[in-house]
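**Q** Now for the letters of each chain:
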Amino acid sequence: MMKNNFLKIIKCFLLVGIVILALLVRKKNYAEIPIPGQSVDEYSYSWVGLSLIESGMPVGISGIEGYKHSLPRYVNVDRFFQTVSSGDPLIINYPWMDHPPLLGLITGGYAYLSGVRVFEDTTSYIIRKPIIIISTISVALLTIYCWINFGFLTAMIGGLIYATTPLVVLSGRMIQAENAIIPSLLACMIFTSLYIKRKKDVWLFMVALVAGVATLFKLTGVVCHLFVLFALLGNLKKSKNSFWNDFGFFLAISLPISFLFVIYGSIYGLPNFKNILFSNYNRFYGIGPNVLIELIRNQRLTQHKFLPEISIISGWLVFLGLLIKKPKNFGLKLTMWGIFSYLIIYIFFGSQPYGWYSFPFWPLLIIILAKFLSDGIEKGKNLMAVFFVSILIVGANISRVMGIFEFQVYANWWRILVSTVFFLLILSSFCKQKKVFVFRILLLMIMAVIIYTNLVYLRSINIDYWWQNIS
Amino acid sequence: MFYGVFVLLMCFGLKSRMANNFSEIKLKEMISGKSKFRDMTDDLCKYQILGDPKEVGNYVKINIMCVAGRKASSTLSLSATEDKTVEGVIKEYARIIGFEEKLLAEKNFKCYLDNKILTAEMEVQMIRPTSTIDCYEKVNDEE
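One line per chain: the protein sequences are A and B, in this order.
Quick note: the first sequence uses my numbering, first residue 2, plus one each step.
Quick note: the second sequence uses my numbering, first residue 37, plus one each step.
Simulated from the structure, these hints should not be mistaken for laboratory data.
Among these hints, one or two may not hold up.
[Claimed, not checked] Derived DSSO-like pairs: lysine-lysine, alpha-carbon spacing no greater than 30 angstroms straight-line: (1) K306/A - K90/B; (2) K143/B - K28/A; (3) K90/B - K62/B; (4) K107/B - K143/B; (5) K143/B - K69/A; (6) K90/B - K130/A; (7) K275/A - K4/A; (8) K51/B - K143/B; (9) K70/B - K130/A; (10) K82/B - K306/A; (11) K69/A - K146/B; (12) K82/B - K130/A; (13) K130/A - K28/A; (14) K275/A - K64/B; (15) K29/A - K82/B; (16) K69/A - K51/B; (17) K130/A - K107/B; (18) K64/B - K69/A; (19) K238/A - K306/A.
The model shown is predicted, which means the values in this text are computed figures rather than measured ones.
Given these sequences and hints, build the entire structure.
**A** Listed below in structure tokens is the structure:
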């Protein structure tokens, strides 16, 4: 008993360590990378919150049709007109109704508390601080979700990958509503799994509360509603009678919270609210195969900045494998419903591959990747595939850290090493009693290399690197 | 019950906040108010506005030429400038770049509007769209 408690405490400390690591890597150079002004949404969200607090009127950047008040203006915050501007003034609209104001209230509210009163003072140094905390919370929630559903090793692997994957770290510094939807969705998934496992109403209440709040960040927060619907439907066989009760209870709490946006909008005039809502529906829709190809092949930070991440691509590969295999594991099913829910939202709401639209896929893909890797390490499951995926990730990381041409000196060693391990893996698959201990150690070492190279790469990203290497 | 109270508080809170605090002046103050945190520069060639506005025919070009051949070239959209006099445009440019407008005089800049020397009389006149303001540091009359 004592030993168990002691072990639990150690495990908790390790997970806290991951969260601290996540915070530290997100904090380093946070005000410089991504370059401020490459997405003016970051300022817009903060201005909406700041102006709401200061004057009761949400003022932000929009440019979509339907606004009564539209002012082209130069607001040279972070001197971005000298670094990344296209030359056009910003189109400032009020009352700003593009999205619900909760994220703006958090970042703008923090700016207000820091003494900011004018838009030009909402520098990325100030306004990005709250979002870093929010994305660190996402790391904590991801590890908790993995621990609850898959065990400690998956939590460690998932947490470490999500905490250090460069694309995830950099995207986690951007003030985009998706960065707030991620922890909402993860929290929803945690509470849903607890509710289905323990059948205590308090968890369903929490799910509904979080789902409602998620829609106050952005309407795509409705992904939480979809997810709960799928999760409850998936559990229909076990509890047929309770589905309607559960879903009714969930909607009775979550919908009134979501409806707060309509009430808020009506304060500034329902016709204005309606106009902007319909203008949003008329936005460019990227119909066609590129929706999915871009999503899987090209990971973006902003509309024009790419940072392809093999961990994410591997996550998609594992997801496709799971689709064919149809997993029985409850946690995996839940995660796949999460991916499906957001895929529906992504295709029908967004579809245009702005960077941030795809952010919410990443934690979910990393969860299934972590489960896949930990099954290989712990149970020796799919060892060959696990080794293949790990080597892919390590290879991509080495190429980033070292450079493809500089690596050529070691190419022969790499080929010999990788093919030897593959050969041994093939041999070991013929043995009845699988002695996978050596491979487990090897995979753990590869995991350590992945995390280390992630950290080295993150350390090397500065403004010069950004301009020269991230296109 | 709690929900109803929250909604009422939100409605009345926002409405009264808006009625008491929002005005055109307040809006202008928030959008164009002077930054506390941004550094002011006394080097007028250090910064410029990148790119050109897409709006055709409604801009002003401002070129600042400093000593040692340094130059800052900017294009300012007139739609984003409230005061459309020459003086107003220069003031707005100074605000965006972050320098005291009086520096132009203090640092002995000589300015030209469409190649004509800028006089006090011209400064208060409305600027013609697509005009060019050129300012040269320490330029002698003969030059």
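**Q** Take the hints in turn and mark each one as holding or not.
**A** Here's how the hints hold up against the structure:
Taken as a hint, the K306/A and K90/B pair is honoured in the structure, with Cα atoms around 22 angstroms apart against an allowance of 30 angstroms. Of the supplied pair hints, the one linking K143/B and K28/A is violated, its CA atoms being roughly 41 angstroms apart against a limit of 30 angstroms. Annotation: proposed proximity of K90/B to K62/B holds, straight-line Cα distance about 29 angstroms (limit 30 angstroms). At roughly 15 angstroms between alpha-carbon atoms, K107/B and K143/B fall within 30 angstroms of each other, so this suggested pair holds.
Distance hint between K143/B and K69/A is unfulfilled; the C-alpha atoms sit about 43 angstroms from each other, more than 30 angstroms. Taken as a hint, the K90/B and K130/A pair is broken in the structure, with Cα atoms around 34 angstroms apart against an allowance of 30 angstroms. Between K275/A and K4/A the CA atoms are separated by roughly 61 angstroms; this puts the pair beyond 30 angstroms, and the hint is violated. Between K51/B and K143/B the alpha-carbon distance is near 49 angstroms, which puts this suggested pair outside the 30 angstroms criterion.
Distance hint between K70/B and K130/A is fulfilled; the C-alpha atoms sit about 23 angstroms from each other, no more than 30 angstroms. Of the supplied pair hints, the one linking K82/B and K306/A holds, its CA atoms being roughly 27 angstroms apart against a limit of 30 angstroms. Between the alpha carbons of K69/A and K146/B the distance comes to roughly 42 angstroms, so the proposed pair goes past 30 angstroms and is violated. A C-alpha spacing of about 29 angstroms is found between K82/B and K130/A, which places the hinted pair at or below 30 angstroms, so the restraint holds.
For the given pair, K130/A sits about 8 angstroms from K28/A by alpha-carbon distance, which is consistent with the 30 angstroms threshold. Taking the CA atoms of K275/A and K64/B, the gap is near 26 angstroms; set against the 30 angstroms cutoff, the hint holds. Taken as a hint, the K29/A and K82/B pair is honoured in the structure, with Cα atoms around 27 angstroms apart against an allowance of 30 angstroms. For the hint pairing K69/A with K51/B, the CA-to-CA distance comes to about 19 angstroms; that is within 30 angstroms, so the pair holds.
For the hint linking K130/A to K107/B, the alpha-carbon distance of about 36 angstroms lies beyond 30 angstroms, and the restraint is violated. At most 30 angstroms may separate the alpha-carbon atoms for a hinted pair to count; K64/B and K69/A meet this at roughly 17 angstroms. Proposed proximity of K238/A and K306/A is contradicted: the alpha carbons are some 45 angstroms apart, above 30 angstroms.
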